[in-house]
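*Asks:* Just so you know, the sequences run in chain order A and B. Under this note's numbering, the very last position in the first sequence is 288; numbers go up by exactly one each time. Under this note's numbering, the very last position in the second sequence is 347; numbers go up by exactly one each time.
It should be emphasised that the hints constitute simulated quantities derived from the structure, not laboratory data. None of the values given here were measured: they were computed from a predicted structure. Built from N, CA and C at the ideal position, the CB exists for glycine as well. Some hints could be false.
FRET-style restraints, in silico, Cβ to Cβ [as the list claims (entries may be wrong)]:
1) S243/A with R314/B: 42 to 50 Å
2) L153/B with E47/A: 39 to 47 Å
3) E249/A with D199/B: 49 to 57 Å
4) Y65/B with A226/A: 48 to 56 Å
5) G216/A with H240/B: 37 to 45 Å
6) E86/A with S185/B: 22 to 30 Å
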Amino acid sequence: MKAGVLKAVIADDEELARGILREYIEHEGPANQPGMEIVAECTNGFEAVKACGEWKPDVLFLDIQMPKLDGFEVLELIDPKVAVVFVTAFDQYAMRAFDAAAVDYLLKPFGVERFRTAIEKVRRRVGEVRPASLPEELKNAARPTGAYLERVVVKDGAKVHVIPAGKLDYAEAQDDYVALRSEGRGWLKQQTIASLEAALDPKRFVRLHRSYLVNVERITRIEQNTKDTWLAVLVDGSKIPLSRGGYARLNALIGG
Amino acid sequence: MHPIFQNWKVFLLYLAVWVPLGAILGLLISVVGTLSAAEAAAIIAPVTVVLAFVCLSPWYACRALPLRSARAGRLLGQHLLAAMVVAVGVLLVARLAASSFSDILPGLDQRFRAAVPVLTAMVAMIYLLSTAMHYVVIEAQASRRSELLAREAQLRALKAQVNPHFLFNSLNSISALTASDAVRAREMCIRLADFLRTSLRLGERAAIPFREEMELTRMYLGVEQVRFGRRLRLHEDMETACDECEVPALLIQPLVENAVKHGIALLDEGGEILLLARRVREGLRFTIENPFDPAAPANRSGIGLANVRQRLEARYGTAARLEVEAGENWYRVTLTVPALVS
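Build the full structure now, drawing on both the sequences and the hints.
*Replies:* Structure follows, in structure tokens:
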């Protein structure tokens, strides 16, 4: 492949929507040649994650509403070096929230001039690593108020695994990662525990400890550990330490 | 608080009304009790001031005893009792005024007695009149509020109708087609325009024949079929007997839009939407069924079924029903409305 040619992946479930990107990428005049090559076209979120793993593209054109995984979920799962350009009919306001993570966003329908501006931005940002976790207040702006994450997506090798919120037992902070426990298995995801906590329903998940976020339904009992430390025992037998603040939060949630 | 205090200009106007009212009362008792103008004024001035404020109190009484809910006998009894209490109270004020002015105006105390029956009757009447006027105001307010609610529901329905997300996606399809297939691009423009025009026209009406709602729905689906291609498949089974049955305008099309958005759009291979209409004993029964992917990400937009339910209830009370059933990978909404033939 020629140097300077960008590898692009297109992810959109609508054939016509993919078509217009293909047209802009392929049939632009030589003077404006973006020097880009489409390495894969995907029709759902799973494929998009897979293609990004296989092809290591420079840029991903990503629709928001797609089968399997939506664009936001795809964004969480792919290599942060991939420059993401959202291509969506979502309104501008909601998309502005993703400025931090996406290089640009194209609002459907968009013209070739606008497309070129996005490509210029991509060129300037090639190889740059985007922040692993979005500031949660920004991410929440794209969710309707009062709506919480119903599921958590994680990568399982090349595959994607979806954990419904109800099946998540607890999450443990481990440096830049959270270790998620669900149905007897463990998963690692690059995310801060605080951002996970903010996305999940606070009526169902409680921060028992600085490093632990626990599904309230999984708690069977509270045991005294030492004179003034406590442990939460979960359905699967795991024991989670409670901090003083965590104890108060749990009380406020189930006692109040 | 009484709404009259919300605007001081209105309140001043209200007080001004009491000036001629007080004058009339004064004239009346001066004639009946053969009082001089000064004597009548000495009694009536405090009475009028007290009465002006007491006559605002029916606002609370009227709200506690709404016209529609209470029985007429009870209503009348309560207000008559209140009027009597008010009259006695006001008379006490008048007595007090008469006795305190009897130093300057000797004999006022005795002569005032002749005017007592007339004054009592007048005060009670004025109080009852004020009660009646409060009822009128409260009713007017209530009807204005329900009108506003209806208007709001209509606007909401309209807003949900022309969903910007749908519009932008359709425009994007057109934009894509202009280069590859100009004829289809034009055709889609026309379909979209037809849909928009029709939904604006129908949105102005409260209820329309089922046939017209279905025409609109088909226009909508026509646009979506360009977008989704073979992923969107339809199966229609409509009894012609349903055609002229009346349905609230723009109620069914958003349901179909939901089926596309939450069902078809999130399925890789798409699926078939089933539309069914039957004349049943209770009226018109419309069913829409769509497949969906239980593992699909939550779709963030869409008109809430709560909104549809609200509109049905506003229009039909308990006579209409909206049932939602969900299987492992299918979703069905059944709507039953009374068959009113328009």
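*Asks:* All hints are to be evaluated individually against the structure, with a verdict given for each.
*Replies:* A quick look at each hint next to the structure:
For S243/A and R314/B, the hinted distance range of 42 to 50 Å is satisfied, since their beta carbons lie about 44 Å from each other. A hinted range of 39 to 47 Å holds for the C-beta pair L153/B and E47/A, which are about 45 Å apart. Roughly 51 Å separates the CB atoms of E249/A and D199/B, a value that falls within the hinted 49 to 57 Å. Our hint of 48 to 56 Å for Y65/B and A226/A holds, since their Cβ atoms are close to 52 Å apart.
One distance hint, 37 to 45 Å for the beta-carbon pair G216/A and H240/B, holds here, with the actual separation near 43 Å. Against the hinted window of 22 to 30 Å, the Cβ-Cβ separation of E86/A and S185/B comes to about 28 Å, which satisfies the hint.
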